[in-house]
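Enquirer: Sequence:
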Amino acid sequence: MVIGGMNVGCVASYFGGKNILITGSTGFLGKVLVEKILRVQPGVRKLFLLVRATNDESARHRIQTEVTRREIFQVLREKYGNGFGDFIQEKVCPLAGDVICEDFGLDTAKLKELSKNMDIIVNGAATTNFYERYDVAFDTNVLGAKHMYAFANKCIKLKMLLHISTAYVSGEQEGLILEKPFIMGDTLRAGTHLDVESELNLIKHTKMELNANCATERAERKTMKELGLKRARHFGWPNTYVFTKAMGEMLLGHLEGDLPVVIVRPSIITSILKDPLPGWIEGVRTIDSVILGYTKQALKFFLVDPDAIMDVIPGDMVVNSMMVAMAAHTEEKVQTVYHLTSSVSNPTSYTTLQESGHRYFKDNPPRGENGEPIRLNNMRFFSTVVRLRAYIVIKYKFPLEVLHLVNVLLCGLFSRRYNELNGKYRLAMHLIELYAPYTLFKGRFDDMNLEKLRKAMESNRDGGEYCFDFDLRRIDWDDYFYRVHFPGVLKYLA
1 MVIGGMNVGC VASYFGGKNI LITGSTGFLG KVLVEKILRV QPGVRKLFLL
51 VRATNDESAR HRIQTEVTRR EIFQVLREKY GNGFGDFIQE KVCPLAGDVI
101 CEDFGLDTAK LKELSKNMDI IVNGAATTNF YERYDVAFDT NVLGAKHMYA
151 FANKCIKLKM LLHISTAYVS GEQEGLILEK PFIMGDTLRA GTHLDVESEL
201 NLIKHTKMEL NANCATERAE RKTMKELGLK RARHFGWPNT YVFTKAMGEM
251 LLGHLEGDLP VVIVRPSIIT SILKDPLPGW IEGVRTIDSV ILGYTKQALK
301 FFLVDPDAIM DVIPGDMVVN SMMVAMAAHT EEKVQTVYHL TSSVSNPTSY
351 TTLQESGHRY FKDNPPRGEN GEPIRLNNMR FFSTVVRLRA YIVIKYKFPL
401 EVLHLVNVLL CGLFSRRYNE LNGKYRLAMH LIELYAPYTL FKGRFDDMNL
451 EKLRKAMESN RDGGEYCFDF DLRRIDWDDY FYRVHFPGVL KYLA
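Note that the UniProt record's numbering numbers the sequence shown so that position 84 is 84, with each residue one more than the last.
Among the hints, erroneous ones may be present.
Stated by the list, open to error - Ranges between beta-carbon positions, derived for each pair: (1) His430 with Asn117: 46 to 56 Å; (2) Lys180 with His404: 49 to 59 Å; (3) Asp307 with Cys411: 44 to 54 Å.
Said to hold, decoys possible - With a straight-line Cα cutoff of 25 Å, these simulated SDA-like cross-link-like pairs (lysine to any residue) come out: (4) Lys116 with Gly16; (5) Lys110 with Leu259; (6) Lys230 with Met429; (7) Lys395 with Phe381; (8) Lys146 with Glu113; (9) Lys300 with Tyr360; (10) Lys159 with Cys101; (11) Lys157 with Gln41; (12) Lys452 with Gly175; (13) Lys333 with Ser13; (14) Lys180 with Arg444; (15) Lys455 with Cys10; (16) Lys296 with Thr352; (17) Lys362 with Thr206; (18) Lys395 with Leu303; (19) Lys116 with Lys159; (20) Lys116 with Ala150; (21) Lys397 with Arg426; (22) Lys146 with Gly185; (23) Lys362 with Tyr492; (24) Lys154 with Gln335; (25) Lys230 with Thr206; (26) Lys424 with Arg218; (27) Lys442 with Lys362; (28) Lys230 with Arg189; (29) Lys362 with Gln297.
Just so you know, the hints here were simulated from the structure itself, not pulled from any lab data. Every residue gets a Cβ at the ideal spot worked out from N, C-alpha and C, and that includes glycine.
All chains should be modelled from the sequences, with the hints used to inform the complete structure.
Expert: Structure, rendered in structure tokens:
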């Protein structure tokens, strides 16, 4: 089968001789992508890695310390031995710039040189903080996409622009969620219309008011965070991150141009399943924070419906599907959306994670300073926000109010302690609101486009080239969590 005019059984060869611009290379997924390209196609011409830095030398230092020196590159280091550094220097070109700036802040000469030679662009730069400042999230997730598209239009030989989004741009929708692009102005709440330019003007106006009122940095940060959450929820999204990612997608579909664009929407990305380093992971995600909190006995309860589908995908499978999609749709001047998800093809539940974890820590208990195994107490799970709120009120809020009363009677003797505990209580309630849309998520992501890509890959596999597995149906989730993910989280994140 041929997709986009290319046999997808030759994915590795597709990247040979290509110049590729990658943003977000210092993130988990970016590292996996950079390593994969260099390993399967050493004949790639150049990887241009755009990173925030004051100059190219500091950019090079960032790439060395935050990317190529990481454990995931150990297979390449072993392959090239003492020549590893020379190989990286030949193939990797760090660029000091920023997606939030027009032309990334690059000088005219460098921009012109890049635009003449670029074949592929992968835009993975993003701020993923749910409760990010609105201006910061907008700059990176919305304007970053706009600036990337503008640069792509200047690239005279561009064959592919791949944009990394998230499956959760769907908000809190239930039922089957289709792989369809956003149309400019779309919202998730009936009766509302989204104008991206108006949102930018709102941010500018709010910052002007803050400056006019001589607001402190702390006050500005708080105001901008609250504004992002308010605007997101006004239009039907649960947080600033997914709201701004959705606007970024809208811009890609709305801006003038005739480019081959692929948008990938991964769900919860977990540790590498197979290739090149099983279990390797960076960055603590929702389920990983639960695992770590449990092992340290710092997290005594969690909001989750044990029977709810937990949509996860290993990081290497995300990258494999990205690379196949780039090859499949090269020079195809349309926009294609892929859900890189498991909730339809091979769903698992939080119960599976819980049972795997219970078995793993029973067989591999953490050890105390004396070397003795530590018996872990069970974590309490609450399947609704109402039940968890009631538990927290009884367990923590009532004692807190008693402390407040005692503090008043004793003329503020316990003010510091009360303020500390009250801050923790407020933070816990805030985190419940932020994470509830994901731990209680009731949607399922249609992956028909991904399934077509998988079938094409399977029907065209040829000897030695089939190292781009993303067949989620073959994963035994219980085995993966027990053998790969739990050990990986404890090794690389604890």
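Enquirer: Lys230 and Met429 were given as a pair; does the straight-line alpha-carbon distance stay at or below 25 Å?
Expert: The given pair, whose Cα atoms are some 17 Å apart, holds under the 25 Å limit.
Enquirer: Within a Cα-Cα threshold of 25 Å, do Lys110 and Leu259 meet the stated pairing?
Expert: holds, 22 Å
Enquirer: Under the criterion that the straight-line Cα-Cα distance not exceed 25 Å, is the pair Lys296, Thr352 satisfied?
Expert: Holds, because 21 Å separates the two Cα atoms, which is no more than 25 Å.
Enquirer: Check the hint pairing Lys116 with Gly16 against an upper bound of 25 Å on the C-alpha distance.
Expert: Within the cut-off at roughly 18 Å; holds.
Enquirer: Would the hint linking Lys157 and Gln41 be met if the CA-CA limit is 25 Å?
Expert: It holds: about 20 Å lies between the C-alpha atoms, which stays within 25 Å.
Enquirer: Can you confirm whether the C-alpha distance between Lys424 and Arg218 stays at or below 25 Å?
Expert: The given pair, whose Cα atoms are some 18 Å apart, holds under the 25 Å limit.
Enquirer: For the pair supplied as a hint, Lys362 and Gln297, confirm whether the alpha-carbon distance does not exceed 25 Å.
Expert: Measuring from Cα to Cα gives roughly 15 Å; hence the hint holds.
Enquirer: 46 to 56 Å was suggested as the range; check whether the CB atoms of His430 and Asn117 agree with it.
Expert: Roughly 47 Å apart at Cβ, these two residues keep to the hinted range, so it holds.
Enquirer: With 44 to 54 Å as the target window, see if Asp307 and Cys411 comply at their CB atoms.
Expert: The hint (44 to 54 Å, Cβ to Cβ) holds, given that Asp307 and Cys411 are roughly 51 Å apart.
Enquirer: Next pair to validate is Lys180 with Arg444; report whether the Cα-Cα distance is within 25 Å.
Expert: holds, 14 Å
Enquirer: Taking only the CA atoms, is the gap from Lys333 to Ser13 under or equal to 25 Å?
Expert: holds, 21 Å
Enquirer: Can you confirm whether the C-alpha distance between Lys452 and Gly175 stays at or below 25 Å?
Expert: Satisfied, since the Cα-Cα distance of roughly 21 Å is no more than 25 Å.
Hint compliance for this structure: hints 17 and 27 are broken, all remaining hints hold.
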